[in-house]
Amino acid sequence: MMKRITPVALALGLLAASCGGSGGIEVSDQWGRTSPKAAENGAFYLTLDNGGEADTLVAASTDACGAVELHTTVMTDGVMKMQMVEGGIDLPADGSVSLEPGGLHVMCIGKQVDFVAGEMIELTLDFAIADSQTIELEIRDE
Amino acid sequence: MSTTARRVLIGVAVAILGAFVALTFVLPRFQPHVFSGSVIQSNDKAPRVDLQASNGETVRIADFEGEVVVLYFGYTFCPDVCPTTLSKLSKAMDLLGEKAEDVQVIMVSVDPERDTPEALAEYVEYFHPDFMGITGELSAVDRVATLYGVYYEKEEGSAATGYLVNHTATVMVIDREGYLKLVLPFEGTAEQIAADIDYFLG
Chain A
20 MMKRITPVAL ALGLLAASCG GSGGIEVSDQ WGRTSPKAAE NGAFYLTLDN GGEADTLVAA
80 STDACGAVEL HTTVMTDGVM KMQMVEGGID LPADGSVSLE PGGLHVMCIG KQVDFVAGEM
140 IELTLDFAIA DSQTIELEIR DE
Chain B
151 MSTTARRVLI GVAVAILGAF VALTFVLPRF QPHVFSGSVI QSNDKAPRVD LQASNGETVR
211 IADFEGEVVV LYFGYTFCPD VCPTTLSKLS KAMDLLGEKA EDVQVIMVSV DPERDTPEAL
271 AEYVEYFHPD FMGITGELSA VDRVATLYGV YYEKEEGSAA TGYLVNHTAT VMVIDREGYL
331 KLVLPFEGTA EQIAADIDYF LG
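Protein chains in written order, with this note's numbering: chain A, 20 to 161; chain B, 151 to 352.
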């Protein structure tokens with residue numbers, strides 16, 4: 020989905036570019052889907068805007084899950100195949116990557132909390148180069 | 151304003167209104183429905199294979215003749231594609247309103263090893279109280295999957311996941327007579343799914 024570039028974002032982008040593009044990694048649109056207790060696992064989605072050099076999201080972690088893995092869903096002729104992303108999710112320099120339903124996602128294995136609407140989850144993202152970031156994401160109906 | 155002028159004005163207003171009604175409400179009814187899914191011509195009726203329903207009963211897909219069946223193959227361990235699809239199907243049922251009473255959404259588990267009828271019931275009913283989950287002996291699920299051209303296979307996962315199941319992620323629409331009519335892609339929206347199902351409800 021294309022994000023409309025607002026004049027403010029454009030101005031910020033130009034500013035970041037003029038400063039040598041050391042904008043760091045910004046996380047936005049982070050969320051997880053509500054799910055029944057019978058569902059052992061869950062998925063988190065988010066967008067990573069990388070204003071700096073090429074980097075890699077190597078891991079994610081949270082107390083809300085027994086284990087966390089970076090996964091992608093590949094569709095071939097209608098057959099869905101979920102795979103662990105070996106080596107992490109590449110973030111191109113001055114580019115953005117979206118983790119969305121049916122594609123890249125953070126897989127939460129063994130939910131430790133109920134994924135009910137409004138639940139807030141702290142997720143720590145580890146990058147190859149940039150500093151780790153802990154973000155809050157909301158569980159919501161979608 | 152003279153009486154004639156007023157009559158002409160009213161006449162014009164009525165004509166414009168008539169044209170608006172015709173264009174908005176009448177003409178679209180004569181246009182053929184454009185499906186978002188792929189239309190299938192199937193000669194095989196819904197199978198009479200005994201399966202285990204999430205409500206504890208033994209069911210066959212054929213039992214639902216008379217209703218439109220929306221069939222999906224998935225598993226509760228699946229965190230991304232299955233909840234996304236069931237959530238969309240739930241929204242599609244809401245869009246159909248009262249007509250949804252003639253629709254039965256069924257998720258057949260491609261992971262009967264892990265999906266007990268109880269877990270499956272809680273899982274599907276979470277998305278919509280009228281959704282049904284089906285599991286069964288692997289051989290029975292296999293026969294039904296094969297009939298609908300659904301492929302699934304276990305694949306070794308990590309220490310945390312154990313194993314994952316690759317599976318066909320399309321949604322199948324079976325008409326009231328029990329014939330498979332339509333295959334909906336994963337990408338379809340709730341609105342497109344509802345419109346396609348609505349066509350078979352007549």
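Simulated from the structure, these hints should not be mistaken for lab results. These numbers were taken from a predicted model, which means no experiment stands behind them. Yeah, the Cβ is synthetic: ideal placement off N, Cα and C, and Gly gets one too. You may find that some hints are simply not true.
[Said to hold, decoys possible] 30 Å max Cα-Cα, derived DSS-like pairs, lysine-lysine:
#1 B:Lys-249 - B:Lys-195
#2 B:Lys-241 - A:Lys-130
#3 B:Lys-304 - B:Lys-195
#4 A:Lys-100 - B:Lys-249
#5 B:Lys-249 - A:Lys-130
#6 A:Lys-56 - B:Lys-304
#7 A:Lys-56 - B:Lys-195
#8 A:Lys-100 - A:Lys-130
#9 A:Lys-100 - A:Lys-56
#10 A:Lys-130 - B:Lys-195
#11 A:Lys-56 - A:Lys-130
#12 B:Lys-241 - B:Lys-195
#13 B:Lys-241 - A:Lys-56
[To be verified] Calculated Cβ distances over 12 Å to all of chain A for the following chain B residues:
#14 Arg-210
#15 Leu-236
#16 Lys-238
#17 Lys-241
#18 Ala-269
#19 Val-315
#20 Asp-325
#21 Glu-337
[Said to hold, decoys possible] A short, non-exhaustive set of chain B residues, derived as facing chain A with CB atoms under 8 Å:
#22 Asp-230
#23 Tyr-313
#24 Thr-339
#25 Phe-350
Hint check:
no.: 1; hint: B:Lys-249 - B:Lys-195; verdict: 23 Å, holds
no.: 2; hint: B:Lys-241 - A:Lys-130; verdict: 25 Å, holds
no.: 3; hint: B:Lys-304 - B:Lys-195; verdict: 28 Å, holds
no.: 4; hint: A:Lys-100 - B:Lys-249; verdict: 34 Å, violated
no.: 5; hint: B:Lys-249 - A:Lys-130; verdict: 36 Å, violated
no.: 6; hint: A:Lys-56 - B:Lys-304; verdict: 23 Å, holds
no.: 7; hint: A:Lys-56 - B:Lys-195; verdict: 35 Å, violated
no.: 8; hint: A:Lys-100 - A:Lys-130; verdict: 21 Å, holds
no.: 9; hint: A:Lys-100 - A:Lys-56; verdict: 24 Å, holds
no.: 10; hint: A:Lys-130 - B:Lys-195; verdict: 40 Å, violated
no.: 11; hint: A:Lys-56 - A:Lys-130; verdict: 9 Å, holds
no.: 12; hint: B:Lys-241 - B:Lys-195; verdict: 28 Å, holds
no.: 13; hint: B:Lys-241 - A:Lys-56; verdict: 20 Å, holds
no.: 14; hint: Arg-210; verdict: 24 Å, holds
no.: 15; hint: Leu-236; verdict: 10 Å, violated
no.: 16; hint: Lys-238; verdict: 10 Å, violated
no.: 17; hint: Lys-241; verdict: 10 Å, violated
no.: 18; hint: Ala-269; verdict: 4 Å, violated
no.: 19; hint: Val-315; verdict: 9 Å, violated
no.: 20; hint: Asp-325; verdict: 21 Å, holds
no.: 21; hint: Glu-337; verdict: 7 Å, violated
no.: 22; hint: Asp-230; verdict: 5 Å, holds
no.: 23; hint: Tyr-313; verdict: 11 Å, violated
no.: 24; hint: Thr-339; verdict: 12 Å, violated
no.: 25; hint: Phe-350; verdict: 20 Å, violated
The structure shown violates the earlier hints numbered 4, 5, 7, 10, 15, 16, 17, 18, 19, 21, 23, 24 and 25.
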